[in-house]
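Trainee: Read top to bottom, the protein sequences are chains A and B.
With this note's numbering, the residue at position 244 of the first sequence is 244, and numbering never jumps.
With this note's numbering, the residue at position 88 of the second sequence is 88, and numbering never jumps.
Treat the hints as calculated values from the structure; they're not laboratory data.
Any given hint might turn out to be false.
In silico lysine-lysine, BS3-like type, Cα no more than 30 angstroms apart, as pairs [said to hold, decoys possible]:
1. LYS126(A) with LYS183(A)
2. LYS45(A) with LYS183(A)
3. LYS45(A) with LYS104(A)
4. LYS126(A) with LYS59(B)
5. LYS45(A) with LYS59(B)
6. LYS126(A) with LYS73(B)
7. LYS104(A) with LYS59(B)
8. LYS73(B) with LYS104(A)
Looking from chain A toward chain B, a few residues come up when the C-beta cut is under 7 angstroms (computed) [claimed, not checked]:
9. ARG103
10. LYS104
11. HIS106
12. LYS132
13. ARG133
14. MET135
15. GLY136
16. ASP174
Anything over 10 angstroms on all C-beta distances counts as not near chain A; from chain B, calculated [to be verified]:
17. GLN5
18. SER9
19. THR38
20. GLU106
Using N, Cα and C, we set each Cβ at its ideal position, and we do this for glycine too.
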Amino acid sequence: MNGDAPVPATAAPAAVDLQSILRDADVGSVLEQLDRDLVGLAPVKASLRRIAAYLVVTRARRQLGLEAQPPSLHMCFTGNPGTGKTTVALRMAQILHRLGYVRKGHLVAVTRDDLVGQYIGHTAPKTKDVLKRAMGGVLFIDEAYYLYRPENERDYGQEAIEILLQVMENQRDDLVVILAGYKDRMDTFFRSNPGMSSRIAHHIDFPDYTPDELLEIAQQMAGQSNYRFDAPALAALREYIALRVTQPHFANARSIRNALDRVRLRQANRVFDDALAGSGSADADALVRISESDIRASRVFAGGNAA
Amino acid sequence: MRLTQGTFSFLPDFTDDEIRAQIEYALGRGWACSIEHTDDPHPRNVYWDMWGTPMFGLKDAAGVMTELAACRKAHPNDYVKVNAFDSTRGVESMCLSFIVHRPADEPGFELRRDEGAGRNVRYGTRAYSAQQAPGRRYR
Chain A
1 MNGDAPVPAT AAPAAVDLQS ILRDADVGSV LEQLDRDLVG LAPVKASLRR IAAYLVVTRA
61 RRQLGLEAQP PSLHMCFTGN PGTGKTTVAL RMAQILHRLG YVRKGHLVAV TRDDLVGQYI
121 GHTAPKTKDV LKRAMGGVLF IDEAYYLYRP ENERDYGQEA IEILLQVMEN QRDDLVVILA
181 GYKDRMDTFF RSNPGMSSRI AHHIDFPDYT PDELLEIAQQ MAGQSNYRFD APALAALREY
241 IALRVTQPHF ANARSIRNAL DRVRLRQANR VFDDALAGSG SADADALVRI SESDIRASRV
301 FAGGNAA
Chain B
1 MRLTQGTFSF LPDFTDDEIR AQIEYALGRG WACSIEHTDD PHPRNVYWDM WGTPMFGLKD
61 AAGVMTELAA CRKAHPNDYV KVNAFDSTRG VESMCLSFIV HRPADEPGFE LRRDEGAGRN
121 VRYGTRAYSA QQAPGRRYR
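Could you build the full structure based on these sequences and the hints that come with them?
Mentor: See below:
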């Protein structure tokens, strides 16, 4: 090889078997599982597919010696609470691991408290400790915009950002950083930290769920813990979601999960009361079924706020 | 005189890749790694200076290697070793400890003979390098 041509002159493996990369990494099954497990989120799934394709192709290019630099993989997930950012980050770590972009594939989820210290000299060791733990995997910084507090000039968050930037730039093959937070606040964060913005290659926006998707999520969650809505309950749940969406502090799938937890409490209470009243034994169906009254009892229908 | 202390000390010096592989092994067993350095290589000197705190909860050797690079840069003329500590209840002890960095010039040890009562000879060793004040050795 004389090195003046980008493609090896020997041209021995002039073609790379993309199929074999896909098969070895088994990315398809992760993407399929993602499609199956996560309701809605079509744009997110599309972005994820694009990134996965990019990673596969980059790996093929590296095998042919066309690519020397490891690609920048740091990402930013923006969206309202409960839209599945952490879940997708977990899957992302899996995909990156299977394709060999991170060595271990674990996810370390942190917030500002884990990175920023409380006094001078506390921040650097704390941030470095978190970074060391995340190496070989993915560092997920939830509500990353809190790292930057413009109102306090001496805030230690800036120090954490600087250390983070240094590692993001110099140790790209050691860890992947995913920032997450509300869209508008992350935009402000990036505007005031151009260094951070320029080091993040992929931005993925998580849309809010539609009421239909929320209903599907509720059914999926209930199904996973062996509960079933009967037909009137399902209608009541649809009404519940329509009301809940308009209320403050609505956190998408998380609100649904909380609502479901309360519904289960009420269902248990009802079965228990029935048993005390001497209605005989509760069969499996009674234990599994969630009835309309369990949902109608919610404060949301009374015009109150669900927590 | 080449210092032989700890595990692997009779083998040729490890390359970074070999050090990384050893650390991976330690992390795989659930041991926590720490880095220590000293300029007094006497075998009875068990108190080496700590380079940062022990690193618990690591999954990958990259974190230890980063610290090791920083320690080497700050103390190029010290001995540096990597320790692996097993925190399992009932074990709670060092399971692996090996030197990963040594000064370019190692003068070795002086054999001292002190004559005591009744012409009794007490032998002792002292590192030539330790004959200067701490911090000024291996310059």
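Trainee: Sort out which numbered hints this structure fails and list those numbers smallest first.
Mentor: none
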